[in-house]
Amino acid sequence: MTPRGVGKRPRYHHAVTNSGRGGRSPASRGRLTPRAPGRGDAWVHWRVPPGPPAIEPAGAPDGAPDGAPSHGRLGLPGTRTRRLRRPAAAEARAFWLASPAMAWLVLFFLLPLLFVGVASFMTRGAGGQPIQPWTVEHYQRTFEVFGPVIWRTLGFAALTTVLCLLVGYPTALYIASRPRPGVRLLLLFLVLLPFWTNFLVRTYALITIVQREGLLNEWLVRLGIVHDPVQVLFTPTAVVLGLVYGFLPFMVLPIYASVERLDRRYVEAAHDLGANDWRAFWRVIWPLTLPGVVAGSMLVFIPAIGAFVTPDLMGGTGGLMIGNLVQSQFRGRGNVPLGSAISMVLLVIVFAGVLVYARWGERRDP
Amino acid sequence: MSRPVRPYAPGGRPARARPVRHGVAPERRRALRRDLATRRLGRVLAWTVPLVALGFLWVPIAVLVAFSFNDAASVSSWRGFSLRWYENLFTSLTGGPARFQTELLLRAVLNSLLVAGVSTVVATTLGTMFALAVARGRFPGRRLFDALFYLPVVIPDITMGVSLAVFFRIVFEAWQQWTGVRLVSGFGTIIIAHVAFNVAYVAIVVRARLATMDPSLEEAARDLGANDWQAFWRITFPILFPGVLAGALLAFTLSLDDFVITFFTAGVGTTTLPLFVYGLLKQRVPPEINAVSTLMILASIALVAVSLVLQRRGARRA
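Chains as they are written, first to last, in the working numbering: chain F, 1 to 366; chain S, 1001 to 1318.
No lab work stands behind these hints: they were computed from the structure.
Treat the hints with caution; some may be incorrect.
Stated by the list, open to error - Stretches of chain S that chain F covers, calculated by requiring three or more beta carbons in the stretch to come under 8 angstroms of a beta carbon on chain F: (1) 1039-1053; (2) 1118-1131; (3) 1148-1155; (4) 1237-1248; (5) 1258-1267; (6) 1292-1301.
Idealized CB from N, CA, C, for every residue including glycine.
Just chain S, same shape as in the assembly (with noise of 0.2 angstroms):
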């Protein structure tokens, strides 16, 4: 059996006749080993790094939840079913001993709604407007306003919240010297404060939706002789819509959720769930707040499901 000789080598020049060897070269091997053990690797981490993510996401809300079911007051060992958490949170409002400041977390729960129900019909509102006037007109400012409107959602909330601070402390200290009228806040300033934020949010969220539109719709109707008016509510709006309301559920959840920010607004007797919750953690922690979290969450679970139907029936009509 000849040797086989390799005529060429890539340079050109004939290449030194080599032993032939079964396999492959040990260098070759060794890359081809490598090569095979950063596969199983990579196979192993794919998989394996996404399984902790979630777990890592989820594990401590499973605890929450089921140890919300504990008839014990810990959150490791568990003793046993037992609503008697849940029951806690609902006893004083059956005309039995309270056993949790539930007023207290009702009247949060209130509050919260309020303040994000109103501040979403504004915000909402004026950020369409100011997402129509921009991707639609032309006006002084436009530009600049248009990059000023990512400014609250960069900004550090507590940058936010303390500006808001010195700005209403500031502001009323001017008005009682000037009317002699004593401000406070309350309801008012959370809910500008959660304007003046939610407000760019919707703005962005629109404005996102406009980009996508064809504006030749809207030349067409006015081609077929629509006015301003109907224009807009018989086309841009109803095409913009799925838009409007992800903003609008978008500044409701921001809102609902926002605890920084309405930590520096709020006064005396307007706490809101966040701060609820958060003085809760501060104190004593209690044992019924693992019933109070689940619930929340479960709130917001339901929240997700509604946005996702109404998103997928406003697309639908568009």
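For reference, chain F alone in the conformation it holds in the complex (with noise of 0.2 angstroms):
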């Protein structure tokens, strides 16, 4: 018995394989199928009618000039000769499909921001509401009265993001040379499980360590290393300490990740080559592990920059960052327009980073 398609021709050949930029293994690209007619066919791929392929018109789509002769197009077996039309049904049902979430996204989640970015323009009116007169006096209210704020904002989240990389690169190093895998499970564990407890729970975990007659207080008195109890909830440093907990497991993880993917034998053959341990490492394992740096550090950068819990938790006046602005904003007869404002600000320094990332950072197929 022959398989199927094997050995004859196949009646239908112009159900090309989920063919161009979507196919996922180059192996199936362009891999003709043979099929009988009337079958279903891929679930949201093209529907195929039976019958002669549709073609379309040669050289159209990869510019190359109407009527030229182009030899790749003549069908040859086992080349990926036509272009299919798409149907419109597949790609209806497809839309259909994806329309619910997308429909989602646009009300709840880019019209709100529209509405946010409009509201910025006007005019505080009555009880804090937007109305009509536009103005972009909270823009520059912004920059003229909330500068150091948003300066300081910036300097707790490089801050931040300095110390989790000093901290957390050594660490993800040390994981991922553990040579047994139970032991790099157990710890990557260890670095995760923080990650998924209540953030305000892990604050205040904090809180009750560092206030002022909290254990580490008690130890620095015990130890001799101060005479009064220190001061340093409701400092910068505690917001930035507070930070530094919350947000370096997104340091580790992709740090992790590329050391893990880094091949030995590039550091093998450096030492080779007459590296010392601190050429080696820079020379070969931090460039080789910069996207994951870069990844970490975007992760750890984004999310400090619009950190809200921590500073209203841990900082005092002097620890207030955007978040807290913004706010302060919304809460009872606020400012709408101004807080619409400030978070506008804080929308284009995300997407400063965001840019930083996608430029730098961490590709998913190398």
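Combine both chains into one complex, guided by the hints.
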């Protein structure tokens, strides 16, 4: 018994496997699949009607001039030669399948953002509501009055990122270099588990340690490092500490991933060629794990910019960040347009970070 | 003993004859010593820094859990083991005097579970549908939306919360002017908000799973005569299931833990657990909060364990 399609010419060889752009494995791309007519076609694939294949005019999609002879399209077996017209039905079906999620995103995510953008250019009315005459005064006020807070936020986020990197990189390197996979998994789990516990609970846990009558001060006094308890809580130090505590796993994970992907033979080669540990690290390991570092840094920096809970619970007046400014404009009789303007500025900063990430960050497919 | 003369130097010139020294030249020796010091330092740092990092992550949690059993209301001086804070949590349930707002706590837990459950189901369904359509189909705006679905992940919670607050306020006002019915924030608004960010996470997780899936399996099913429905439920979905499960668990956790967005979309009487905890932290912090936190940590560890077991089972089936 011969398998189907082997040894005889398939009756319909127009069902090109999910051709071109969306195709997953190169092996399956462009393969001609024999198929009986009238069978259920791909689920959200192009539905190909039985009958002669629909062929697009040669040369049209690929930029070859119309009418020019194009020998690649001569229908030789084994090469992908025909372009199918997309049947409207399959396209519509995929669209309907995606549409609830897209509608939700547009209605309850993009539209609200648009509202905030519009509100940021309006005047403050009674009760803090935005009203008609357009103005840019809120942006002026944001930069003039709250400039220091913006700079402080950037500074906190940058400091948090650097501290996370300094602590997170060796941690990731250590975990990835454990020879036994069980140990690796356990250590990774220990880094990840705090990430699963509630952020408020974790922040509270840190507060109990650093507060004036907490364990930190108790031990500092007992060990004779300081005479009187130091005030850490409600200072900028506490905010940065809280942010590092909250976002450290975000730094460790991408770096761990890129260290694990690193080919150890490069490091061995560097040593064979006479590099010491220091040199091998800076010339080989560091450059090769840089995408992970960029990814981790952005995963720490971006949420740190928009942090609200940590400065709210751990920072005093000297530790306020943009998030707190935004929130304070929306409580009670606040100032909605001003709050909107501040959150738009926050948004722009975050997008700048995202652009950095998209440009230099981890690539999915190397 | 004659002096050894190096015949050639790297430059090709005859080398200057040098007196033999035992050991190494001083500058070379200094470099070696520096190298050795770097190595020693590196070797020490390589395990101390991870130790510090893990300690930093775990000591506060461990202390919190330990001191929830402290007899005193302090979190620094240990007076003795006691379960009194846990007892205080539950006295009112057994008809004793109410020492803690246990009623509110329980209602907050139930609210959280309701919000997380509903938003997880909705977000998982919509997100999976979207991921399938984007990965397997073509439609106008596909690439645009594919990119747009990363937005809720990167945008700060506070921006999203604030924008939804503004949005609901405006929509509710318009609705009141139009129909005369006054809408208020509540479960509806919280669930809408949670679905809005969860659907993005689910879509990303499921898409990642779809990307590793070989489409030829589906094609094989169809070649063998399966229709769309059969091919989906017999082939695509079982393979996709671990991804869907991972997405759902992520959505559930995010929804349970979310504070900021809920804070801006909640109404009166729809306090979720994070809102309740925040309220406790903002007011006079009661000593029972250590016990509450410990229970929450235990619950999240249990959730992680369950998810690991489920995922392993799902992965084995695939």
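Run the structure past the numbered hints and jot down the numbers of the failing ones, going up. 4
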